[in-house]
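Number of protein chains: 2
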Amino acid sequence: MNNSKNHRISKRATWAARQQIGYLMKQAVDHPDCLSLAAGLVDHATLPVEIAETQMQEILESSERGQLALQYGTTEGALSFRETVIKYLAALEQSTVRELGLTAKRCIITTGSQQLLDLVSQAIFDPGDICLVTSPTYFVYLSTLEGCGADVRSINCDDQGIIPDALQAELELIERAGELHRVKLLYLVSYFDNPRGITMPLARRLEILEILQQWSARQYIYLLEDAAYRELWYDAPPPVSMYALDESKQRVILAQTFSKSLSPGLRTGFGIIPDALIKPVSDLKSIHDFGSPHLTQTCINGLIESGDYAVHVAKLRESYQKKSEAIWQALQENILPQPGMIAFKPTGGLYVWLQIDSSYPETRFNKEFFDECVNAQKIMYVPGELFFADKTHPAASHTMRLSYGVQSKENLHEGIDRLSKGLNVFRE
Amino acid sequence: MNNSKNHRISKRATWAARQQIGYLMKQAVDHPDCLSLAAGLVDHATLPVEIAETQMQEILESSERGQLALQYGTTEGALSFRETVIKYLAALEQSTVRELGLTAKRCIITTGSQQLLDLVSQAIFDPGDICLVTSPTYFVYLSTLEGCGADVRSINCDDQGIIPDALQAELELIERAGELHRVKLLYLVSYFDNPRGITMPLARRLEILEILQQWSARQYIYLLEDAAYRELWYDAPPPVSMYALDESKQRVILAQTFSKSLSPGLRTGFGIIPDALIKPVSDLKSIHDFGSPHLTQTCINGLIESGDYAVHVAKLRESYQKKSEAIWQALQENILPQPGMIAFKPTGGLYVWLQIDSSYPETRFNKEFFDECVNAQKIMYVPGELFFADKTHPAASHTMRLSYGVQSKENLHEGIDRLSKGLNVFRE
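The listed protein sequences correspond, in order, to chains A and B.
Numbering follows this note's numbering, with no gaps: position 137 of the first sequence is 137.
Numbering follows this note's numbering, with no gaps: position 423 of the second sequence is 423.
Just so you know, these hints were derived from the structure itself, not from any lab.
Don't take each hint at face value.
[Stated by the list, open to error] Ranges of calculated distance between the beta carbons of each label pair, as one might list FRET restraints:
no. : chain 1 : residue 1 : chain 2 : residue 2 : range
1   : A       : Glu64     : B       : Ser319    : 49 to 59 Å
2   : B       : Lys26     : A       : Asp158    : 27 to 37 Å
3   : A       : Gly22     : B       : Arg98     : 48 to 58 Å
4   : A       : Gln94     : B       : Met25     : 35 to 45 Å
5   : B       : Asn366    : A       : Ala39     : 48 to 58 Å
6   : B       : Lys315    : A       : Val97     : 25 to 35 Å
7   : B       : Tyr23     : A       : Asp275    : 16 to 26 Å
8   : A       : Ala39     : B       : Glu58     : 25 to 35 Å
9   : B       : Lys378    : A       : Lys87     : 45 to 55 Å
10  : A       : Val97     : B       : Asn375    : 53 to 63 Å
11  : A       : Gly307    : B       : Met25     : 55 to 65 Å
12  : B       : Gly149    : A       : Phe365    : 49 to 59 Å
13  : B       : Ser358    : A       : Gln250    : 48 to 58 Å
As the structure is a computational prediction, the values presented were derived from the model and not from experiment.
Just so it is clear, CB atoms sit at the ideal spot from N, CA and C, and this is done for glycine as well.
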């Protein structure tokens, strides 16, 4: 007899079950009356309804174009779209396709950048292989790693992103333990990161690449650069990607998406893949789904080529910048004047990371402060602990991520006001 | 030093690399001058350009509906769409949602049914677990199984599908080898199958379910029922699904898609999942991509609700039936009169499976007959061997799949004429 439910599912499914996003979503469902600064959604009001309508009409009013878009594409994505994407990327990097070593072959279109993160991880990790991540990091990627059975090691960050000395020290530690051959990848969010909103400056990018380069004489370590938020800058464009900075052009897997800059409902992302990973990632994509929807690719291709995309992103930046100013003003008025409260003013993206004084109770799920916020003050945040592979990390207990992309300016003020009231309950 | 490319990819990626679809596609690319009866694409001319345009306009002309469609959906698919899907499925089964035990919770929307096949397989199989398949079977699923490291065992078929005695005998063999605890799943295509075009009659469906039911006292075995072609019937609707016939409603995973009946460019399929697999499949889907594109789901939902979908499928049936009659007539005139030539007249779907007399050379890739066809006669077919897990199977050497979905009636006649000429070269 082998009828127990647990025996009917694979190890991979058991690992995948550990993910915490379900818990976060349950909180949202259980507290529908809360003003949410938790959800990482994009701003509903800025979704590109009109330009999408125009574009769909353009595609579907012609039988020829319409039939092509409604037919199967290819596993790696439509060639014409991939050619558009590499040109668009070269423009973002203020360079050329040629200088950047970009070819359509190295570009793969995925169902959001999440699929790219998953495909790359499945292509690289056997159970027990080591992935280096930042502390804190994008929590959904921690689930992806768990789904692969990867062994996650966390590296501390400062206000410029991952700390070079900490990376170096961790690699030395791993080497001394005889495990260097299992280190396959470093994952980081290089622009306006999730959860802290930090962008790595140019010098820091180069330092990290240099360290990986040096270690690669002994063990080749890929860098998975998640650039999901790179286009959402406010005052000035951020530095070029680590992909662009890497001379070999074979170290960095660059993951980007049109979910944040255009529409998550089109679920289209892409990756730039080192030569050695093109076939493995494509083989896995073929098993996954033979390719992402051709119609949505055709639509985004048209929007980039018509220039509608660029106009849209410019509007989006302005809108998110205004929201960021609203939440920042509210934080400055209500919370940051108190001792021990730390946050960085966002220069792009969708998040503020708030560290509260250690005299307050912990910010974790289902502890008294979280309960006070969701039950009494009706305000929801994401506890910092969610972003740490090691829940006992010192920064996991008194931090929170505040998302300002969805709410109106008025609600952002109201939300920070409620959070402040929640804090005041515990003020000594 | 560990710099070899092979050491940089995972076991799963190595397994995934064995897939043969790449080889098939390379043949198509290498022989662009061939008339192709190989590609399993849907008919370009019948793609639903006009109704898709109307529907997209309906969604996107309203800010409210448009924003909703362009925002994130949920991992399992939009609730409203899943509710539409289960009602549509109940109608196909000539039953009710309640009688069929269908709930939106048990329905998951995927990027084509391929993603459902992959998710279910990843949720069920650890490396070395056994999957039972038919011989021949849908070759892409063989790659999916290889990607999971599953151990594939093939069961022979007759003109009603998988042979009950052969299934029983294989399970007894496995039990005697002490491997019964590793048998997790039986996969089959129950309607107008790929590659043979065979539909399992009602009695055969019940026999197979009964065998699985009996063995489950010792080992619970799921049935993955691939019903991709079920709506493409010609003269009369086919029997109800094995899902509908299973009393427990917990044995069968039913996989369907809108790729064949509507548009592959919308890449939308769905599965009905036993209770014990809902969470594992959803957890894996969350890691894969957090959900398939919301816009395409919204579009198909609208097409089903407006009745446009039903009208489209009726037209499609008529179109494919005419094509099937054309290829069948050509086969009857040119090939089937020769001794030892066997084919079944299609009653639905997109394929004819042709078995040629054993006095002819083998039909395999890159053998003299295949070369004669693609190089001299300029006609491309899919060699039967592609559909067998065991390439030494007796039926793998003198069979081929002919797809008639894409070509015009004139081209179908011309194609069979060329194939006949190819055969005549080797006629004794």
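Q. Between B/Gly149 and A/Phe365, does the C-beta distance stay in 49 to 59 Å?
A. violated (36 Å)
Q: Please test the hint of 27 to 37 Å on the beta carbon pair from B/Lys26 and A/Asp158.
A: violated (50 Å)
Q.
Can you tell me whether the CB distance of A/Glu64 to B/Ser319 sits inside 49 to 59 Å?
A. At 19 Å between Cβs, range violated.
Q.
Taking 25 to 35 Å as the stated bounds, is the beta-carbon spacing between B/Lys315 and A/Val97 within them?
A. violated (44 Å)
**Q.** Pairwise beta carbon distance, B/Asn366 to A/Ala39, judged against the given window 48 to 58 Å
**A.** holds (55 Å)
Q: Check the following: the C-beta atoms of A/Gly307 and B/Met25 are separated by a distance inside 55 to 65 Å.
A: Since the Cβ atoms of A/Gly307 and B/Met25 sit about 35 Å apart, the hinted range of 55 to 65 Å is violated.
Q: Can you let me know if the beta-carbon spacing of A/Gln94 and B/Met25 is within 35 to 45 Å?
A: Hint holds: Cβ distance 37 Å, inside 35 to 45 Å.
Q: Determine whether the Cβ-Cβ distance between B/Lys378 and A/Lys87 falls within the hinted range of 45 to 55 Å.
A: This hint is violated: roughly 37 Å between Cβ atoms.
Q | 53 to 63 Å as the expected CB spacing between B/Asn375 and A/Val97, which holds or is violated | A | violated (37 Å)
Q) Between A/Gly22 and B/Arg98, does the C-beta distance stay in 48 to 58 Å? A) violated (28 Å)
(Q) Please check whether B/Tyr23 and A/Asp275 have a Cβ separation lying inside 16 to 26 Å. (A) holds (21 Å)
Q.
Just to be sure I understand the hint, the distance between the Cβ atoms of A/Ala39 and B/Glu58 should be within 25 to 35 Å; is that true here?
A. holds (28 Å)
Hints 1, 2, 3, 6, 9, 10, 11 and 12 from the list above are not met by this structure, while the remaining hints are.
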